[in-house]
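Colleague: One-letter residues, chain by chain:
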Amino acid sequence: MKLDAKIPQGPLAEKWSKHKFNLKLVNPANKRKYTVIVVGTGLAGSSAAASLAQLGYNVKAFCFQDSPRRAHSIAAQGGINGAKNYQNDGDSVYRLFYDTIKGGDYRSREGNVYRLAEVSVNIIDQCVAQGVPFAREYGGLLDNRSFGGSQVSRTFYARGQTGQQLLLGAYSSLNRQINLGKVKMFTRHEMMDVVTIDGEAKGIVTRDLISGAIETHSAHAVLLCTGGYGNVFYLSTNAMGCNVTAAWKAHKRGAYFANPCFTQIHPTCIPVTGEHQSKLTLMSESLRNDGRVWAPKTKELAEKIRKGELKASELKEDDRDYFLERKYPAFGNLVPRDVASRNAKEIVDEGRGVGTSGIAVYLDFAESISRLGEDAVRAKYGNLFDMYKQITDENPYKQPMRIYPAVHYTMGGLWVDYNLQTTVKGLYCLGEANFSEHGANRLGASALMQGLADGYFVIPYTLGDYLATIGPKEIEANHPAFEETKKNVVDRINKLLSLKGNKTVSEYHRELGHIMWEYCGMARTEEGLIKAKGLIRELKEDFWKNAIVTGINEEFNQNLENAGRVADFIELGELMVDDALDRKESCGGHFRLESQTPEGEALRDDDNYAYVAAWQYNGDNQPESLHKEELVFENVKLTQRSYK
Amino acid sequence: MNLTLKVWRQKNAKAKGELVSYQADHVSPDMSFLEMLDVVNEGLIKKGDDPIHFDHDCREGICGSCSLHINGRPHGPKQGITTCQLHMRSFNDKDTIVIEPWRAEGFPVIKDLSTDRSAFDRIQVAGGFISVNTGGAPDANVIPIPKVVADEAFNSATCIGCGACVAACKNASAMLFVSAKVSQLALLPQGQPERYRRVQAMVAQMDAEGFGSCTNTGACEAECPKEISITNIARMNRDYFTAKLLKSEE
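These protein sequence lines map, in sequence, to chains Z and L.
The first sequence begins at 1 in my numbering and counts up by one.
The second sequence begins at 1 in my numbering and counts up by one.
Mixed in with the good hints, there may be bad ones.
What the hints assert, rightly or not - To spell it out: a stretch of chain Z is covered by chain L in this simulated footprint if at least three of its residues, at any positions, have a beta carbon under 8 Å from a beta carbon of chain L; those stretches are:
(1) 118-126
(2) 165-174
(3) 495-504
(4) 552-563
Said to hold, decoys possible - Computed far set for chain Z versus chain L, every beta-carbon distance over 12 Å:
(5) ARG292
(6) LEU334
(7) VAL490
(8) GLY534
Just so you know, these hints were derived from the structure itself, not from any lab.
Even glycine gets a Cβ: it sits at the ideal position worked out from N, Cα and C.
Bound-form chain Z, shown alone (with noise of 0.2 Å):
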């Protein structure tokens, strides 16, 4: 199959509106005889849920959490970009659009990232006039904040607490539907996979998670807006019930997994402290503005301060290693988060690193403090500092936080075209859970946008387009497809019913999570790829030997649900592991040591790689079928980045 991704001709500033007019429409009085399935209830599925279901729409919306508004997105914290130059510092859309595709270290596509930075603007009037209670001035005007990557104020925020502030936001607009009898709300439900007739999504089966009942659902459309798969790394930033579930059914139906590998690494995270730890906390990168990164000069000063001999604060300034300053002067401690976090993982390999298990850098604010004194820090980092302390019972304004990277955020995911539809008719995917907008690099306040552009203002107008083509036949529920969809679905889950063996569902996902880490994370070579597919199947074997899962499915199960997602990790990794092994440049958050300048910088390669690397399953056990959607640039022209 050729992958069209329908990216409208013409000028850039033009495409979107042009396309929006050749975009077929549908009647309002035959809305109300179409039902759309929106999977996950955070920014983008809250939003499609509730602008589809203002549009006529029925809509029923599924989400695993036990309220829509408890999906991850809950937790950002910086902010969400915006284009609306408020600052009359030089933003425009076109800045947006050009910092994003720059930021993405040019692995997406001009036509989707220039419509991303155009909606930006009506996202922020959409959340005011929801009453979502950014952060203003004295004047009542909105405030706004600089981020990474960009050197405009363009970023508008509710304390730390923006993604929070966001989604309740969107929660409320979908309340408002469900008042209204336009959405149905299908809360501790989890999808189990895709029905699809003649090889269109036709709806869904799901469990329910309190009883352990497995039904179907039909629809015209099916929307997954089911977020990232940072959690194949067992330990990241995200909540512990993220999962790749949905995407990964929809990949096994069709769907195409497009850039698996590219996930971000973000650099400021409060290190683990043993193998009991669940997930990882980030601190926000804002911290670096006034924090300086170092490590001991030497093994032998680390391996004191690791045995408690020595105080990171008693060093003396010779022996310490400001390793980001010393090799990139001009950037400093503000380089982007991918070498931030590069340069790190180098000195813990080295054997500088610090804090008992000598996985952590230091963060170090006592230079800040003394030029700024304490209160001023605080004004600024206080509920950062608050919450590093709560964590690791140190007081970060005597010692230097300890920091290390963590996996936060994934650009990968299923392939969509510029509508936002997958491979698979009729079934789009919106938010995290696609690939389509951050190349191999996400920039901070970056993550919220697309969520809201999305499910506000792209899906409304395009899955339109689509519905109008198929028209409002009823969808026969009865169709053997859902019988024998929700059969595989019902077998899956007896099959893990049955594994009694000696080892716990956690116990596989956690080394999953250290194979992932070691050789396809920050850095990757050849060699090391090869060897995490070797052990990524031996893995998935003794997984569906040794694994322990107890109970019954007929009640709330977590252990069950657990195995089922640890299942779909395991398969997902080995594919990250091919794409990883395919893309052998450097680019982006993603490092092949093959692949680098002699300054040791990651080394592009545009001739080459300028693609998206679209998935194609095949079976089980089957190697996948790579297909590539070569990335065209008329805009912007590709230049190699350097922070020296």
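Fit chain L to the given chain Z structure using the hints.
Modeller: For chain L alone, kept in the frame of chain Z given last:
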């Protein structure tokens, strides 16, 4: 640390529950409370037993999934944090810790420590929104909102809907939660057109869900992990009475 846990086990909503003792040994003070439970659960699973069920997700204090009554206090002994942010260093070696679910008629137990809090969603569905369509919004800077007002609305909006206020209250009242949601929108200019209709609809739903009344004991404010102020309740009562006095449908 070695600890004794007394955990509420209840097979399902209909079954009778009881406190069951478990031993949690070699607990690291750096573990979070939920990680300690993870370790206990790993042990149970290895023996083929049903693990202890509890709700949790983000584990950074913002999603509002986690709950737990720990030694008689919602979210445990520390002020201003959720259970997922509680660390074992807040306990001592050889402690006995009693862990129960939220206890309230409005939050029936689903299994073990997990309760059904969908009543909170239904209250918000009843009126916790501003009726604005996608697309028709005016420019975000058209209505200036004084910083103090925006900040106050934000303080109310930080409620995570965990239900600790209900669990802490001897009347199982949901007033702190509902009033925080009412206040956020009542404070902002965007929320004015539906201000009185909203408060009536949400309070009616709150009553229908079986939550008790407020008798101003202040336990909700004391136990709220987001430190939502009881002033919100006064604000909601004022709006509710105003609505009744005006006999306003709007």
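Colleague: Does each hint fit the structure? Answer for all of them.
Modeller: Hints, verified against the model:
Restraint check on the stretch 118-126 of chain Z versus chain L: 4 residues with Cβ-Cβ distances below 8 Å, three needed, restraint holds. Only residues whose beta carbon comes within less than 8 Å of a beta carbon in chain L count, and the stretch 165-174 of chain Z has 5; three or more means the coverage holds. With a threshold of 8 Å between beta carbons, the proposed coverage of the stretch 495-504 of chain Z by chain L holds, since 3 of its residues qualify and at least three are required. By the rule of at least three residues with a Cβ nearer than 8 Å to a Cβ of chain L, the coverage given for the stretch 552-563 of chain Z holds, with 4 such residues.
Distance check for Z/ARG292 against chain L: the nearest CB is about 26 Å away, which clears 12 Å, and the non-interface claim stands. Distance check for Z/LEU334 against chain L: the nearest CB is about 25 Å away, which clears 12 Å, and the non-interface claim stands. For Z/VAL490, the condition that its CB be more than 12 Å from all CB atoms of chain L holds, with the nearest at approximately 21 Å. With a least CB separation of 27 Å from chain L, Z/GLY534 remains clear of the 12 Å interface cut-off, as annotated.
Hint violations for this structure: none, all hints satisfied.
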